[in-house]
Each structure stands twice: as structure tokens, then as C-alpha cells.
Amino acid sequence: NAGVTQTPKFRVLKTGQSMTLLCAQDMNHEYMYWYRQDPGMGLRLIHYSVGEGTTAKGEVPDGYNVSRLKKQNFLLGLESAAPSQTSVYFCASRANPNNVLTFGAGSRLTVL
Amino acid sequence: QQPVQSPQAVILREGEDAVINCSSSKALYSVHWYRQKHGEAPIFLMILLKGGEQKGHDKISASFNEKKQQSSLYLTASQLSYSGTYFCGTVRGGAQKLVFGQGTRLTINP
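These protein sequence lines map, in sequence, to chains A and B. Residues in the first sequence are numbered consecutively from 1, following our numbering. Residues in the second sequence are numbered consecutively from 1, following our numbering.
Chain B with its partners taken away, still in its complex shape (with noise of 0.2 angstroms):
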């Protein structure tokens, strides 16, 4: 029941740009994005309630549809901050538990 993240990996150099896309064979209520530092815990990024709902902050960018069951999250300008891994996390309609997909290490070259 995990959703699923694609790709698993991406190297970029920096000031390029990236997608990472996060699916599911369920019908989804939310979609939340966070981002991970090698031993550290995950930080949340943004959370997506509506079926094609855009949020964004900085050069961070999600979005929902809600129809196709994905969401994804465009780095554009990316940093050096930028690495780490990505996760997803999705919620069904009527249930509280929040399920991660497996995550996308980006790494982000100078």
C-alpha cells in the first residue's frame, strides 16, 4: 500500500531542475512531501489537500491530482541545500495513518 516514487535517484549540478512523482493505486485525501538529511530526521516541505491543488515555497513546488492518485514535486534552481532524500506520504479518505513511499535520494553536484 505504499506509494510509489519515481525516480529512485537523481544527480543534478546545481541551478538545474527536477521532478520527482509519487503514485498510488488508492484514491487519495492528502499528500504530504518531506525531505531528509543523511542521519537526521524528515522535515516536512508541504502538504497537498485538494485534488489539484499547487503549493510551493522558495523554488519548491508540489502538485495534486487528484484523479490520476499522484503528486509531484518540482526543485527548480536547485542548491546545494537541496540534497538529501525525498519522501511522499499519502492518506486515504477516512483513515488517519500516513504511509511513505520509499523515497528519492537527490544529490545535487557544484
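Bound conformation, chain A alone (with noise of 0.2 angstroms):
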């Protein structure tokens, strides 16, 4: 059973260029998040989906598509990356709202 499990571990971009985090749970969960972590700032809800092709902002969207076409997966996109997008990304999912959130490992982006 491999939980929350993010691609790609790591990735450095150049500024302009685009990516997509894909966030895959293999534990039927209805809803996913995706956040970002920077020094002194705590986690930061960018986007989440309450269910299969439902998509909602968080508190830090601005830069990033999501979608949510499959149950299982929840893609993060970046358009255009730019140096302020330069942080850790953690995808999460529970089954409720009042369920446990499980993490992924984790995915570092560096934007030059």
C-alpha cells in the first residue's frame, strides 16, 4: 500500500518554463490537497478537490493550475515558472473532512 506518492521528487526549472506535479493515492480518498512549504511560512493550501473533477482554490493559487480527472490523481501545473514558485510541494489526501490527512514525501522545485 503506497500511500500518497508524489513525481517528481525533484525538479529545477528555468524561468518561463512549465511543469506538472502529479500527486497519485491509492487509498480511495475523496479529497486531495496540494500545498507548499517555504522557510517561516508553514503550509500553504495552493488548490484542492472534493472529489473526482472538482477543483477549489486555497489561500495562494495565483501561478498554478489543478485538475482532477481521475479519483486517484490530482496534477499540479505551473503555466510559467518563476522564481517565487521556487519551494517544497506536498500533496495530501483524506477520505472526510474529518479523517486524517496523509502526506506525500514531498517534491522540491528550484526555479532559476
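Keep in mind that a hint or two might mislead.
As the list claims (entries may be wrong) - No farther apart than 16 angstroms at their CA atoms in a straight line, the calculated lysine to aspartate or glutamate pairs in the EDC-like style are these:
1. B:Lys-26 / A:Glu-59
2. B:Lys-59 / B:Glu-14
3. A:Lys-71 / A:Glu-52
4. B:Lys-59 / B:Asp-17
5. B:Lys-59 / B:Glu-16
6. B:Lys-97 / A:Glu-30
7. B:Lys-97 / A:Glu-59
8. B:Lys-55 / B:Glu-66
9. A:Lys-9 / B:Glu-40
10. A:Lys-14 / A:Glu-79
11. A:Lys-70 / A:Glu-30
12. B:Lys-26 / B:Glu-66
13. A:Lys-70 / A:Asp-26
14. B:Lys-37 / A:Asp-38
15. A:Lys-70 / A:Glu-52
Claimed, not checked - Here are a few chain B residues that sit away from chain A, every Cβ distance over 10 angstroms (derived from the structure):
16. Lys-67
17. Ser-72
18. Tyr-82
19. Asn-109
20. Pro-110
None of these hints come from the bench; they were simulated from the model. Where is the CB? At the ideal position from N, CA and C, for every residue including glycine.
Since each chain comes alone in its own frame, lean on the hints to assemble the complex.
What follows is the structure in C-alpha cells.
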């Protein structure tokens, strides 16, 4: 049972390039979340989804897009990367609002 | 809309106690607590679903004061393994998003 898997684990981009982070969970969870973590800022919510085909904005959505075409996958896209998007990105999922949030191992993105 | 945690950092000797506070400007439905070791993903500690509810396991416990819109995490007789950054996450009624505070870094020295 893999839980929540994020790919890639590390990536270096140049300013203006695009990329997609993939989050896959095998626990049949309805809710999925993308957070970014920066020193001193904690975990900030980018976007989230409450079920297949749904997405919603979090606290810091600008510059990111997401899609949830399949229940088990939640994709985070950067259309035109900026140095301010250098961060560690965590995906998380849970079955319902009262349940434990299970995190992936994180993806470290550097934008030069 | 992030909850506010205090203090931002704590340094203790092994065996001492610590309290970490989490406050929100909005009414809360539930509060979650997670701990993160350096370079790792956050791991779950506990969820408090009702106002006034207290939960705990081992020497870590938490309370939730719904009226004051705040929660506190209590670490008793701290162990070296308690070191890490602690995050509270809050859920407001009717919302499915879980928003975390900025974290409290706890260092336990021998």
C-alpha cells in the first residue's frame, strides 16, 4: 500500500518553463490537497479537490492550475514558472473532513 | 486566514514541558495537529472535533476551546524524539479546506 506518491521528487526549472507535478493516492480518498512549504511560512494551501472532476482555490492559488480527472490523481501545473515558486510542494489526501490527512513525501522545485 | 501559532520556536531540555498555542480569527469546526521532522512529510498527531474536547496519547495531549477559537498542544516530560516542527491545521464549518499555521519549531536538548 503506497499511500500518497508524488512525482518528481526533485526538479530544476528555468524561469518561464512549464511543468506538472503528479500526486497519486491508492486509498480511494475523496479529498486531495496541494500545499507549498517555505521557511517560516508553514504549509500554505494552493488548491484542493473534494472529488473527481472538482477543484477549488486555496490560500495561494496564483500561478498554479490543477486538475482531478481521475479520483486517484491530482495534478498541479505551473504554466510559466517564476523564482517565487521555488518551494517544497506537498500533496495530501483524506477520506472525509474529519479524517487524518496523509501526506506525500514532497517535491522540491527550484526555479532559476 | 492562516491560524496563528505561538511561540514560533521553543528550546527545551529533555524532561521539560512545553505548550504550543494555535489561534484563529474565525469560528472553527475542528483542529488538527501534525509534527514534521526535517526533510520529511508531516505526520498526524491528533484531531479535535468538539469544543472543549481534549485528546492525548502518551505524553502529548491537546485541548480545543471553541469559544476562544483556539487550541493548545501540551508536551509533557519531553523526549528527544519530540523535536521537530509542529503545525496546527484548522477547518471552518462548511468548508473542506484545511489551513495550517506557520509552525512552531521545538528543539529538545539532552
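Broken hints, by number: As far as the earlier hints go, not one is violated by this structure.
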